Amino acid sequence: MSDQQAVKVAPPPGKPDDWVPAGDLQEVVDPHWFFHEAPRETVFITGSEAAREAIRRANVDCAISYPITPQSETMQQCGYLYDEGYIKDYYRGEEEIGVMSAVGGASRAGVRSLTATSGPGLMRGMEAISSWPGARTPLVLLNMCRVINTPLAIQPDNIEISFLLNTGILHLHAEHQQDFYDYSLAAFLVSEEVDVTLPCVVSVDGFFVTHARGHVSMQDEKYKIPPRDGWRSAVPAMDNENPPARISRDAPIQKSNFISYHMHASWQQEVFAAVQRSAKYFKRYIGDQIEVVNPGAEEMIIASGSCVSQAREAVRQSEEAGREVGLVKIKTVRPFPTQQLIEAVKGAKRILIPEFNQAGWLHQNVCSALIGHTQAQIAPGPRVYGGMTMPTELVLDWLEEFRKPNPSFTF
Amino acid sequence: MSLANLTPSPGFEDWLPVEYKDLVNEGPYFREKKPKVSDMGKFKEILEEHPMCAGCAMTLFIRLTFIGLPNPEHSIIVGTAGCGRLAISQASIPFIYGNYGDTNAVASGLKHGLDIRFPNQPKDVLVMAGDGGLIDIGFQQLMHSWFRKEKFTTIMLDNEVYGNTGGQESGMTQHGKILKMAPRGKTGDKIDALGLAKVAGVDYIARIAPTNPSRVARTVRRAVLVAREIGSAYIQAYTSCNIEYAIPTPEVMQDAFDVEKERYGFEEIISDRAKEYLKEIEKKDKKK
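Heads up: the protein sequence lines correspond to chains G and F, in order. First residue of the first sequence: 1, per this note's numbering; consecutive thereafter. First residue of the second sequence: 1001, per this note's numbering; consecutive thereafter.
Keep in mind that a hint or two might mislead.
Incomplete in silico selection of chain F near chain G, CB under 7 Å [as the list claims (entries may be wrong)]:
id	residue
1	Leu1006
2	Ala1054
3	Ile1076
4	Pro1094
5	Asn1099
6	Val1106
7	Leu1110
8	His1112
9	Ile1116
10	Arg1117
11	Gln1141
These are calculated hints, taken from the structure and not from any lab test. Predicted model, so just to flag it, every value in this text is computed and none were measured. Built from N, CA and C at the ideal position, the CB exists for glycine as well.
Kindly produce the complete structure, drawing on both the sequences and the hints.
This is the structure we're talking about:
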């Protein structure tokens, strides 16, 4: 049930008197039915279009935009969705600090809130973004990954994900257009669960997915997921609908005493505990946090995002050559699927981690998760960045090198 | 907020602090006739205890601001780092203490969201932040909220210094003043924030010092009502820092009178549409 008050409002400028927002004509359906039972039709669309179609069905209240390549297309599509009446409110903000602050403000009002950005924009908005979890603001940020300057580049590279990992934000990494569609819808639902009440980022590798077409299986656009209920939250909405207290929700803990230290510490503990609690809800919509191909293989590739597609092809070509290579796809970067990963690579002797970034954030996370739980050697790569593609041959070459007694790369 | 939300269940009443019961029974919420400044001492105020410095003019101004709110039960305050938030966060009104300089962006999103959720109940959003928080670090968000004609009130607590961080010059400091980070005196002029508000098309603009308590309350009420129906509102209030400007506590109010006379006189700049609206509202008020 929505807590939004029913009201008859005048049609927006340029619309006829009998205009009905398209969103009002959609049917609210049960999320489980929507994800798992509703009939789907497969279309061939870009990642940006997949995001648009997810947003069309996501019952978004407020979307705040700012352009940056390669994200711009998605939020300008949101503008069209707003004009059609699928989104209730929409505006272009001043720049990313303003936008990320504003979308946090909208979420505090208790409405379903959305924005999107890419590498440098994410970094510009980082102070606001990193404060969302502590403010317990459920919202969704779609992140179309892009190189962080300098030197200036607009190419794909997912280095910016490394900056989000320790913020307390939920984070999914989509492999392809289908993931981007499904993950974006799941993100809203999980982020707004009462015992989660956290923001969620859905990252996708820019251009490779956003500007390329892929098959996406979608539910009919006549359906939408239930609205956000502003009353259902771990913290009250800032709507002045609660009894007054002489204390702000954003606790005044900046005084230097032991009570303030404990308040801040316990608040952070709760945020990171909520990240863990989100796992059961993600499972409800997108299945396990990882996908395993060829479980039990001695050679495993662990990857996330579009690297998974490259790895799948490497697995297929290895199979043709008579070698079994396994693959673990990480769907949820946060919460990180530590236990599932430990189980998935139990029989592995060699683990390869291809990444689209220089820092190797996935490698670091995998090593932290597996330390003391595996005898396997873990290769720090291959990595490409700055906009380079990752040929399947590169993954296969690294696997070949890995099999030598003294491979040329260091661990 | 409804009266039912505010009022404790009979079984719980005895267990609530006197403070809360007083707020319910003697507070300014849901009164047909709002308590006035002249009623101070006869009702439970939204802001009472606070950790501000003795003699702080800013505290007086904040206290009066809360009395001026037309509907405190439907008001939300947004602030940022600075002296003011120490008092504002102690008030019995929801307060968002955001990041440095983000107030007018947060308030924009908040107001848009509240308008979606409560189309039949105006929710008054007010930004109350310092001169540094608004004109320096928050400049871009401040200006763009005005350019977008966002319907909320911005109140600048202008003490002409970064008081909370220990007395550094701000954009609102006067030319030539020697303060921390301006060891040879401030080189630039005090920023003409009122002029900027005018250029940006803010519908209600006021400059004020806390010398006339009833005028402060009336100015706040006017700003909030214009923001509710017409467009952006901006109040710039001289709220001296007696610590950093070394004003002896007993002389804080004299300083306010002197500065008001010299360069901070009460001034309102109101758009025609806001004037018309206020005229109508105030005519109705008089009839009551």
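So, going through the hints one by one against the coordinates:
no.: 1; hint: Leu1006; verdict: holds, 5 Å
no.: 2; hint: Ala1054; verdict: violated, 18 Å
no.: 3; hint: Ile1076; verdict: holds, 5 Å
no.: 4; hint: Pro1094; verdict: holds, 5 Å
no.: 5; hint: Asn1099; verdict: holds, 5 Å
no.: 6; hint: Val1106; verdict: holds, 4 Å
no.: 7; hint: Leu1110; verdict: holds, 4 Å
no.: 8; hint: His1112; verdict: holds, 5 Å
no.: 9; hint: Ile1116; verdict: holds, 5 Å
no.: 10; hint: Arg1117; verdict: holds, 5 Å
no.: 11; hint: Gln1141; verdict: holds, 5 Å
Taken one by one, the earlier hints fail for this structure only at number 2.
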